[in-house]
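Asker: First to last, the protein sequences are chains A, B, C and D.
The first sequence begins at 1 in the numbering used here and counts up by one.
The second sequence begins at 1 in the numbering used here and counts up by one.
The third sequence begins at 1 in the numbering used here and counts up by one.
The fourth sequence begins at 1 in the numbering used here and counts up by one.
Certain hints may be false.
[Claimed, not checked] What follows is a list of derived Cβ distance ranges for each label pair: (1) R38/C <-> R5/B: 34 to 40 Å; (2) A208/D <-> V250/C: 50 to 56 Å; (3) N262/D <-> D40/B: 38 to 44 Å; (4) E41/D <-> A11/C: 44 to 50 Å; (5) L240/C <-> A208/D: 40 to 46 Å; (6) H158/A <-> V250/C: 19 to 25 Å; (7) A74/A <-> A127/D: 53 to 59 Å; (8) T131/A <-> I104/D: 40 to 46 Å; (9) M60/B <-> D135/D: 31 to 37 Å; (10) S108/B <-> L211/A: 31 to 37 Å; (11) N224/C <-> L211/A: 30 to 36 Å.
It is worth saying that the hints were derived from the structure and are not from the lab.
Every residue gets a Cβ at the ideal spot worked out from N, C-alpha and C, and that includes glycine.
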Amino acid sequence: MSLTPDIVIAGLLTVGIFTFLWRDNRVFRAIEHLYIGVTAAQALVIGVGNVNRLAVNPILTGNIIYIISFIAGAMIYFNFSKRYSYLARYPVALLVGVMAGLTIRGQTAGIIYGQSAATAQLTLIAKDLLTSANNIITVTGVIAALSYFIFARKAAGHVKYLSAYGKYVIMSALGSAFGAAVLVRNALLGGRMLFLLQTDFIYLLPIIMVLFAIWVLYDKRRAQKQQ
Amino acid sequence: MVWYRRELPLTITFVLGILISSDYFLVFAPLQKTAVTFNDFATIVATFALGLGAASLTLMHSKKIIDRSGEWYHSVLLVASLLSVVAVGLIFGVPSDAFQFQFKNIYSPLEATVFSLLAFYLLTTAYRALRIRTVETTVFLVSALAVVMMNAPVTEFLWGGFTNIGSWVLNVPNTAGQRGILIGAAIGAVALAIRTILGRETGYLGGK
Amino acid sequence: MAMIKEVGVLAIAAFIAIAVIVSIYLVKRGTLKMEIRRIAALDAIDMAIGRATEMGRPVHFTHGTAGGLYAGLAQGEAGAQIVAAMGVLSYVSELCAKFNVQLICTICHAETMPLYTDTIQLGFLKGGRPQLWNSDIVRFISPYQFAFTAGAMATISREKPAANFLVGPLYAESLLLAEVGYNVGAIQISGSAYTHQLPFLVAACDYTLIGEELYAAGVYLSKNPVLLGSIGAQDLTKILVMIFIGAASVLLTMGVNVIKIMGG
Amino acid sequence: MKTTTINYLIYVLIFLAVSVPILVPLGLPLVVSKPTRDVYEAIQSLPANSVVVLDVTYDPINEVEQWPMTLALMEHLFTRPVKIVLVSLVHVGGVVYTLRALNIVDKHGKVYGQDYVYLGYFAGVEAAMSAFVSDMHTLAKTDFYGTPIDQIPMMKNIRTGKDINLFITLTTAYTSSYIGLIQAPFKMPMAIATVSVSIPEVRAYYNAGQVVGFLNGIRGAAEYEKLINRPYWGLGLMDAISVTHVILIGFVVLGNIQYFYNRRKSGGK
């Protein structure tokens, strides 16, 4: 490997983002604007392809009904109009309708039914003591965690102790998920550092770090002067 | 309010909500076809919205450039990169080398780098939040440390039991808590969807 | 011809639908009176905006990026959370108008722009200052997750909001935005139904709406007694699920497999 | 200490913790966990001419965790006298990584079409999974390079899930679908190499005996690299990860000491 334009660009951008950890500065902001511009454009280009595939092709092959989607899609631009902005509600109504339908069926089938059935499949007296204890904690834990979400004041008062237990179960679940995340996030950073340190970019790294440091400090002084 | 401002959009939502949800329960070919069509429509409308987004970005930043307000030179960079990538993409196409170059060397490294900032923020948050303040935060702290101890390769040399404790926390209380949150949230989501199609949810045309 | 399948699941969905409609009707008629417990995160909104008023600094609101490129608003889980987040935004914008505080919303889903426009305009109207509305409030950043995150991080660190709302279908950006918000000294109120992001929000924010609390937020904040009825329907469903889980596992221990009998 | 000072201290320490071990490997000890060893043993104990399916299917965002696993598993498989069927069932991204890995690994004289084959990517997620085990020949008319599947010698006797002796998947999510649609119907030995986030779920299958073993994210990759004695990314990052975990524990302890100190100073409030 050598110092190709790919590596130089990617390396500059990587170090530039890291400067945000020091403080917000113009190197970071320039990269941020570049990033936003590039991604918005990318989405647009890929979107044009999708519209072609999903809408234009069916219309051309005689599926006239897809014209509706074209009109609905165009109506969203009325968001900019002061007078006719309500027209932009129609495409949103379509999206929200689809969302409501998907939520009603997906959440009931996959979660409400699926997760309760999975919990109800645990026997409270299993082949050994440890499994029994675990199953009892899981079943009661799910019930208790659910009771934490009871909102009616009177009913919530009746299950005060159960919902306190539920709250601890919830906190334990969230805590363990927090702990598990440390491994993955560090692996991600490791991936970036491998790129910076194991390609030939390592020779440029000191120079760029010094340059960026000078820039950030200059920025800081300028900001202080302005205040 | 006039009917075409509120009632008609709500009717659209209502009809679609019923149609898409019943598609799952009814085996009826024409219904399935209609549901798929409307799913496509949703994707198409959202794709049109990407244009709305790009337009709003361009407008906002063009205004900044014309007014020379604030750091307008950043806006020049944004608009220029937006227009040039759109031009490259539309003229040469997505598989072209030029389009793939920006994808591989600008987009991908930036995405991975912003994501990797989490490694730093996770630690500063842990330093601040994992404290024995109340019983709840203590439970949070102990569970988090149990898993960290299991995942850290060196701790195993101190004591082999860390693995057992960590996996127990992940298997038992974690499962129970996750399921509790999931089931509760799902019930809430379904109720919200029903309020939405009835025009009763504050977040969607219901705030009268 | 048409045939019904998944009867069990259909029964649950139908039960919730009927319960919501009936309970709203009963509250309207006065037969049922619903009082709900306090939700601290939602009560804190007044305090957070009050603080922004005192400090003369803006309020930042975002709903996150889940499904940004794939019609997030039309997706089951993500879309429902966006609509729920609008319930919170409706109240936030009302207060912002009442106290004349600047509101900034950063968004990743372009298709939600009309929804934001509607919600905020109406909120400003309720708060008595409709003239506050301008096109600089709702800032679309990027449909890509981390481009949005970089932009929102920069916005927060530049505008230094006194209150930071991270409510809705947040993905990995949750911790990045919450940490930047903490560094600029904002009071942070968050909420999500994603169990993979809740740990970070709970750790990094002052107040967090967990799961179902988020979906109840719109109703809670609207303080509309009739809508509170539907919360009662949710409670009833939950209690039945709790009973079902408990009974089924006790029966299983005694050798009767309810799930199998039901055909699951 | 001020928050910003502490934050800067943490940032600098993490940078050092991650970059120093990459430049100068510390060689901190690493214990190979049982699930990882089980995957290794499952491959090691396969009799000659067994059929192994390696399903490479993940997106670039998970590259850091799953690419080293891919390489390590493939390296190991090619040293064994088995028939290898490569496929990508969920994410189209798997194609890139399969081809990249095939370019790198030492094939130990194995011949394409006789000892190993790549069938390519199939859309449809769950539909593709069940189609794959019910009849590979119907799902994949040709291999990835366009050769009709009936003309590939090794595929003659490999048709359904019954013919598979070990199924290894490098999936990201969808673990439950793999268990339900592929493992359960054929009681097939299955190993899962996946990202850490999915491990709590996979561990439940492991405990229930549905999965013979699993690799846990970057850690699993490192352990496997140690087992086959071929250090790569995984082991390279392991030192860094060890150190960052220790730093985290240290700062949590420090934070609590500071908290109690401040509380005592302010009069137990």
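Asker: Confirm or reject each hint.
Answerer: Outcome of the hint check:
no.: 1; hint: R38/C <-> R5/B: 34 to 40 Å; in the structure: 36 Å, holds
no.: 2; hint: A208/D <-> V250/C: 50 to 56 Å; in the structure: 22 Å, violated
no.: 3; hint: N262/D <-> D40/B: 38 to 44 Å; in the structure: 59 Å, violated
no.: 4; hint: E41/D <-> A11/C: 44 to 50 Å; in the structure: 47 Å, holds
no.: 5; hint: L240/C <-> A208/D: 40 to 46 Å; in the structure: 29 Å, violated
no.: 6; hint: H158/A <-> V250/C: 19 to 25 Å; in the structure: 21 Å, holds
no.: 7; hint: A74/A <-> A127/D: 53 to 59 Å; in the structure: 34 Å, violated
no.: 8; hint: T131/A <-> I104/D: 40 to 46 Å; in the structure: 44 Å, holds
no.: 9; hint: M60/B <-> D135/D: 31 to 37 Å; in the structure: 55 Å, violated
no.: 10; hint: S108/B <-> L211/A: 31 to 37 Å; in the structure: 24 Å, violated
no.: 11; hint: N224/C <-> L211/A: 30 to 36 Å; in the structure: 58 Å, violated
Hint violations for this structure: numbers 2, 3, 5, 7, 9, 10, 11, all remaining hints satisfied.
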